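**Student:** What follows is each chain in one-letter form.
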Amino acid sequence: MHRIYIAPMYVGFLAWLLAILALTTPVAGQLTEERADRFWWDAGLGFTSVQVTCRLCTGDIDSGPSIDLAVGTWASPRVAVGVELGGWTHLESDVRERVLRAGLSGRFTPSLESGLHFIGGLGWMGYRAEDFHYSTVNVVVGAGWELPVSSGWSVGNRLVFDAAPFGTLKNDGVSVPGGSVRTGALRLSVYVAPR
Amino acid sequence: MRRIAIALAVVSTLACDSDRTPTAPPPDSVPAVGFATAHGIWTPGPQDTCPAAVHDSYSVVGPDGLVYPTWHPAVDPATGCTFGHEHGRDPSGSDIYAQVGDIPFGYANQYLEASGFGAPRHEDHVGHKVEWENDMPMRVGDGGSALLSVTCDVLVKLHQGTHSADAFTNNMHEVAYHVRCNDGTGFSATLLTPIGDAGELVVSCDRDRHISAGTANPAISPDGGGKRVIPTMACVEERVLNAERPRFDGALRESWEISGRIRAEGGRTLVSFNPYFQVMDPSRFFDPALTGKVGRPVDLCALEQLQDRDRCAPLAGQTVSWDSPQSPFKGVRRFVDVNSNNVRNADGPEVWWTDPLGQNARTTPFPGSIRQWIARHDNKGTDLRGAVMGKDRDYDGEGVHAPN
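Read top to bottom, the protein sequences are chains A and B. Numbering-wise (my numbering), the first sequence opens with residue 1 and increments by one. Numbering-wise (my numbering), the second sequence opens with residue 1 and increments by one.
Same shape as in the complex, but just chain A (with noise of 0.2 Å):
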């Protein structure tokens, strides 16, 4: 039985982000050919739900902030294409777990008269509590909804799975036996950009 725990603060946050996607329209003309030539960078916060599967593992998911942070450049019209760190904590009975994630990311935006995009990317994942840490692969799937705001600022938010299950589990830098860990990770966040 897995335990999921979720404070009401995050229920709002849930709701408010559901609202912005329900609200949405598409919109024509948001994203013009302009951007082919420029940089683009956002910065998200969000909910994220971790579990980690292993031999020895509970499996409980467990749930927390996270924040983003993603910069990049247009490769074309529709394809963006750039770097992205990311953050989750939580506290698990007094021990502090956090989980730091790097890689390339890639977007694409099937119409430009939407804010829908896909997001995939490949990178890397840490896992720490204390002494307890691994390191490994994560792959990075989602989509997203970008919304103007302003003639200068955008808010999107976005659904995001991390997929990492290559990882070894040491305690101080010794292998845990049946410590080979999958994590599995479901983000969702709400970012702004520039325009």
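Do not rely on the hints blindly, as some may be mistaken.
[Stated by the list, open to error] Stretch-level coverage of chain B by chain A, calculated; a stretch enters the list once three of its residues show a Cβ under 8 Å from a Cβ in chain A:
id	region
1	287-295
2	376-389
[To be verified] Computed footprint of chain B on chain A; a stretch qualifies when at least three of its residues, placed anywhere within it, have a C-beta under 8 Å from a C-beta of chain B:
id	region
3	89-97
4	162-176
Simulated from the structure, these hints should not be mistaken for lab results. These numbers were taken from a predicted model, which means no experiment stands behind them. We put the CB at the ideal spot given by N, CA and C, even for glycine.
On the provided structure of chain A, position chain B as indicated by the hints.
**Tutor:** Positioned in the frame of chain A, the structure of chain B alone reads:
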């Protein structure tokens, strides 16, 4: 959130069976060839209603074919007679019991001389105390419990006499320690382990203070790791006699802190464990001013200032002897801090033979050796630390009295 769980499970793969609890083969059935020194040493006192023959019927044939005493209830269920002492928790409820059977009391003591130690060390019968717990959640290193779930079955027996002067000086005590965990950790160790320095005790209310209490028996007892934390008259004065609110538990609490090891020839450590065996109500404390250096807590209850207070309250001013079943100090309130359980035996074998002190482990028997079992495992990465067993239990029973 159910959908989140389903989505996460896509890549996290269905959890496989996490239980790798090691299993030792049950002990071979060995025909009885004689009686161990520990057998038949208990005789009933004036307050005990069971004859010795009933008591001696609670026995087990050890791996050496000798008949040893073993656990029995405080009251014989067949006749209703009382033994006047107890051995703690019935080991048959332990999940490990099927693998280890009844615990022979005095198996390590039996072979001390034969191993070449140079002197015998035998212990009384009533001091053998059993404790166990199944499926105990363990603490996994520093931070590992956030992610990992390791549970252990632990079954232990220590000879912990808290009624006489024996432990003031004597540091060699028999411990049988059995642990099985779902991460693969497991061992069964029987040792005559030196606890702290021979001839010396550590003062319970001032652990920086070591008192030389006399010469150990045997005099060649080696010093060991850990310590025997024992109450003294100074602790009684500080926390009972001179305290505004007397606290017998705080004054009398004993803690025998073991540093147990099985070492291979050459000194490599195969197993280490360090449980703390604690007793809240010993029937003695160290008082160098008295003959035999043994003070009796229950005698304090006769003092006017302590009548009806703290642990003396049930006596309601009545004066009872130290070995009365009515005494509130009988050594029946005990618990065990399991602490660390380290195994370094990844390459095996599982069966080792050691001298009774757990040293010189070899793969074949040798004169005076005793059998140990260690799972093929190395748990360095998990650094398992155990919880507490028996904190809420009390082994008082009909007819139980000191010496217990």
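**Student:** Within the assertion that chain B covers the region 89-97 of chain A, do at least three residues meet a Cβ-to-Cβ distance smaller than 8 Å?
**Tutor:** holds (count 4)
**Student:** In terms of beta carbon proximity below 8 Å, does the region 287-295 of chain B have 3 or more residues touching chain A?
**Tutor:** violated (count 0)
**Student:** According to a criterion of three or more residues whose C-beta lies within less than 8 Å of a C-beta of chain B, is the region 162-176 of chain A covered?
**Tutor:** Three-residue rule met by the region 162-176 of chain A, so holds; n is 9.
**Student:** Using C-beta distances, would you say chain A covers the region 376-389 of chain B, given that this needs three or more residues below 8 Å?
**Tutor:** holds (count 7)
The structure fails hint 1 only (numbered hints given earlier).
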